[in-house]
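Residue numbers (the numbering used here), protein chains in the order written: chain A, 1 to 554; chain B, 1001 to 1098.
I should point out that these hints are in silico values taken from the structure, not numbers from a laboratory.
Quick caveat, the model's predicted, so the values are computed rather than measured.
A few of these clues could be false.
[What the hints assert, rightly or not] Okay, the calculated beta carbon distance ranges per label pair: (1) B:ALA1047 / A:GLY490: 29 to 37 Å; (2) A:GLU34 / B:ALA1047: 49 to 57 Å; (3) B:PRO1031 / A:MET73: 22 to 30 Å; (4) A:LYS245 / B:PRO1026: 52 to 60 Å; (5) A:PRO174 / B:PRO1031: 48 to 56 Å; (6) B:PHE1051 / A:GLY538: 57 to 65 Å; (7) A:THR435 / B:ARG1075: 24 to 32 Å; (8) A:LYS245 / B:ARG1082: 23 to 31 Å; (9) B:GLY1073 / A:LEU524: 56 to 64 Å; (10) B:ARG1075 / A:THR190: 52 to 60 Å; (11) B:PRO1031 / A:ARG25: 24 to 32 Å; (12) B:ARG1082 / A:ALA278: 18 to 26 Å.
[Claimed, not checked] Here are the simulated DMTMM-like pairs of lysine to aspartate or glutamate, each with C-alpha atoms no more than 20 Å apart in a straight line: (13) A:LYS80 / B:ASP1066; (14) A:LYS263 / B:GLU1081; (15) A:LYS286 / A:ASP352; (16) A:LYS37 / B:ASP1066; (17) A:LYS97 / B:ASP1014; (18) A:LYS97 / B:GLU1019; (19) A:LYS37 / B:GLU1097; (20) A:LYS80 / B:ASP1014; (21) A:LYS97 / B:ASP1066; (22) A:LYS475 / B:GLU1019; (23) A:LYS475 / B:GLU1081.
[As the list claims (entries may be wrong)] One side of the interface only, derived from the structure: several residues of chain A facing chain B at Cβ under 8 Å: (24) GLU33; (25) LYS97; (26) LEU517; (27) LEU520.
Ideal Cβ positions, reconstructed from N, Cα and C, are used throughout, including at glycine.
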Amino acid sequence: MYQYSRFDHEFTAERVAQFRAQVARRLDGSLTEEEFKPLRLMNGLYLQLHAYMLRVAIPYGTLNSRQMHQLAMIAERWDKGYGHFTTRQNIQFNWPKLEDVPDILQALADVEMHAIQTSGNTVRNVTADHFAGAAADELADPRPIAELIRQWSTDHPEFQFLPRKFKIAVTGSPNDRAVTRAHDIGLRMTEQDGQRGFEVIVGGGLGRTPMIGKTLSPFVALDDLLPYLEAVVSTYNLLGRRDNKYKARIKITTHEHGIEQIKQRVEAQFAKIKPRFAGANLQLLKDIEQHFALPKFKSSSAQVEADSAPAQSPAFRAWLYTNISAHKLPGYAIVSVSLKKPGATPGDASADQMRALAEIARNFGHDELRISHEQNVILPHVHRADLTQVFQALRQADLAAANIGLISDIIACPGMDYCALATARSIPVAQQIATRFQALKLEHDIGPLKLKISGCINACGHHHVGHIGILGLEKAGVESYQITLGGDGGAEAEIGTRAGPGFGADEIVPAIERLLLGYLQLRLDRNESFLEAYRRLGLAPFKALLYPQARKAA
Amino acid sequence: MSVAAISKVVTANDLRSGEVLYLRFPHSWTPELAKASVIKDNDLAKASLAFAQGQPNTVVGAYLSDVIDERDGPRASHFRERFRSTGPSNYRHGKQEL
């Protein structure tokens, strides 16, 4: 993985020193809160409901064991012994004290991490396919490009005060695991005439005005990508609205001006700035690519443990069935570690669990870890002969939930349990749904299902692209939960349709239960997933399941 | 028809820890809503808020919050304020620790 250059080290060290001085000046009264707030936000420090929250970037979701150990240390020393992995491949610490934050940032810098641009109207943490570099289905590892974008966008002088925040996602696989169509810019690796490049998608986004991104260019050659991105962000910087924060994202700019006009402007700007990119960016990309060389894989001829799975315990077999994905090497597997044990808070890991994950990655995973936007941890390179030991070690750390891709593998934002913007809680709803379906023992019968919960209209929980989405709102002084159906965050991304009026906090779990018990009756057979059944039948029969009273009244 | 008296408290976050605090007359801060001073007069509410906003090196983001005044002390009338006065529902990491 990428190792910091001298420049990276100096830059992060300087930023830590600056922030240390800024915090000192805030505490001694030299800076007002109004003056200090933008400075702390530039360093990922928010003030939430109960405490400060520090959002730390995990660029393109990649960590090594040393970094994971450090996150555990930070959680224990300066927080309450855990961290929360988010849908943007960040980790959030929910309880830091202001005066400790400079030390936390120093501890992050010590392991080549930072919290820079995890807030504010800048290019945010660049996210990527969490199977990048390991997936059997990818053209190539998209992370070198993601790292190039990180370096280009970090402290980019033109892009520190954009109209609004700006999110970029990258995938090297045709099977989109990075929700690229729901980002300000989505990049999908592709090939044309033997040349590698990217389809550039713009104007996707969730939030209060969900939109699926549109293709700005079906192919931008790798060599042209950085100036092309600069042209896009530069066009948006000039054209994007600053009069209304709810209309400031590039999705609205694209919607208001039309993709063709955006394209013309981007191409004109690209032609203008391209000569300035005389090759240094390509040399840098070549250097970065060296850092992402594949690990020294073990010989694939070793015993392939998974093949003898029938002789193993049912728990291990169930875990193999749900938590293992195809690796580019036949002797290897990608292991998804679920942070969604039914009843647990989606995305949370204790310091002990982080240390266990770090050790498992070191001993069995070529020292690599990934964080998925689905709030799970990935061990991208595990030899199949080691799967039994990995499973045992995960089990000891209470991390062996066999539910990846099932109903209890719920994305949930922190909601009103932590977030100052939230209008309702998300976490208890996720906990109750997961434990209810565990009790019903229907998870595996229901099969692949993406249920996503947001605690406000900003949609950090990606509810619009959940097969079942839940949006928590306030209605007449109480929490109310709206259901959307038929969303999809994959290659053929789609925004879900609102099913009808919201449900009270005590009604939402029974509503989901009615919906899924009804789906089991409606599906053609076990092979027809919830989403497929919804696409075949449309909203009406599912709506009838959710609102039986309305059906009776009619 | 009589107009119901207002019942408010001044709340803010502690500058150093971020913890939720409530104003307790004459001029101290308490982490416990039940010990907060209940304000039933608009002028006093304005003055109390101004006092809180005049302590920028102690608290951040002061505002007036509606409460229900009960014998054991004030209780939040909105669920958001109720969560602020207790802590998150997934761990006993907030004021439940008190």
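Each hint, compared with the structure:
Checked against the hint of 29 to 37 Å, the C-beta distance between B:ALA1047 and A:GLY490 comes to roughly 57 Å, which is inconsistent with it. For the pair A:GLU34 and B:ALA1047, the supplied restraint of 49 to 57 Å is violated, since their beta-carbon distance comes to about 22 Å. Between B:PRO1031 and A:MET73 the beta carbons are some 28 Å apart, a value that agrees with the proposed interval 22 to 30 Å. The hint said 52 to 60 Å for the Cβ distance between A:LYS245 and B:PRO1026, and at roughly 39 Å that hint is violated.
Take A:PRO174 and B:PRO1031: their Cβ atoms lie about 53 Å apart, and the range 48 to 56 Å holds. Checked against the hint of 57 to 65 Å, the C-beta distance between B:PHE1051 and A:GLY538 comes to roughly 59 Å, which is consistent with it. In this structure, A:THR435 and B:ARG1075 meet the distance hint of 24 to 32 Å, their C-beta atoms being roughly 29 Å apart. Checked against the given bound of 23 to 31 Å, the beta carbons of A:LYS245 and B:ARG1082, roughly 28 Å apart, stay inside it.
At roughly 59 Å, the beta carbons of B:GLY1073 and A:LEU524 sit within the given window of 56 to 64 Å. Checked against the hint of 52 to 60 Å, the pair B:ARG1075 and A:THR190 passes, with Cβ atoms roughly 59 Å apart. Between B:PRO1031 and A:ARG25, the C-beta spacing of about 26 Å keeps the proposed range 24 to 32 Å intact. In this structure the supplied range 18 to 26 Å is violated for B:ARG1082 paired with A:ALA278, their Cβ-Cβ distance being about 60 Å.
A threshold of 20 Å between alpha carbons decides the hint, and for A:LYS80 with B:ASP1066 the separation of about 30 Å lies outside it, so the pair is violated. Pair hint A:LYS263 plus B:GLU1081 does not hold up; C-alpha atoms about 47 Å apart against a cutoff of 20 Å. For a cut-off of 20 Å, the pair hint linking A:LYS286 to A:ASP352 is broken: about 37 Å separates their Cα positions. Among the hinted pairs, A:LYS37 with B:ASP1066 is inconsistent with the structure: their alpha-carbon atoms are about 26 Å apart, more than 20 Å.
For the given pair, A:LYS97 sits about 10 Å from B:ASP1014 by alpha-carbon distance, which is consistent with the 20 Å threshold. Straight-line distance between C-alpha atoms of A:LYS97 and B:GLU1019 comes to about 9 Å, which keeps the hinted pair within the 20 Å bound. Simply put, A:LYS37 and B:GLU1097 have alpha-carbon atoms about 29 Å apart, too far for the 20 Å limit, and the pair is violated. For the proposed pair A:LYS80 and B:ASP1014, the alpha carbon gap of about 18 Å is at most 20 Å, so the pair holds.
Between A:LYS97 and B:ASP1066, the direct Cα distance comes to roughly 28 Å. Violation of the 20 Å bound is thereby established for this hinted pair. Of the supplied pair hints, the one linking A:LYS475 and B:GLU1019 is violated, its CA atoms being roughly 27 Å apart against a limit of 20 Å. Taking the CA atoms of A:LYS475 and B:GLU1081, the gap is about 15 Å. The hint holds against a cut of 20 Å. Interface hint status for A:GLU33: upheld, as the beta-carbon distance to the closest one in chain B is roughly 5 Å, under 8 Å.
Checking A:LYS97 against chain B: minimum C-beta separation of about 5 Å stays under 8 Å; hint holds. Interface hint status for A:LEU517: violated, as the beta-carbon distance to the closest one in chain B is roughly 27 Å, over 8 Å. Restraint check, A:LEU520 versus chain B: the minimum CB separation of about 30 Å is more than 8 Å; hint violated.
Hints 1, 2, 4, 12, 13, 14, 15, 16, 19, 21, 22, 26 and 27, counting from the list given before, are not met by this structure.
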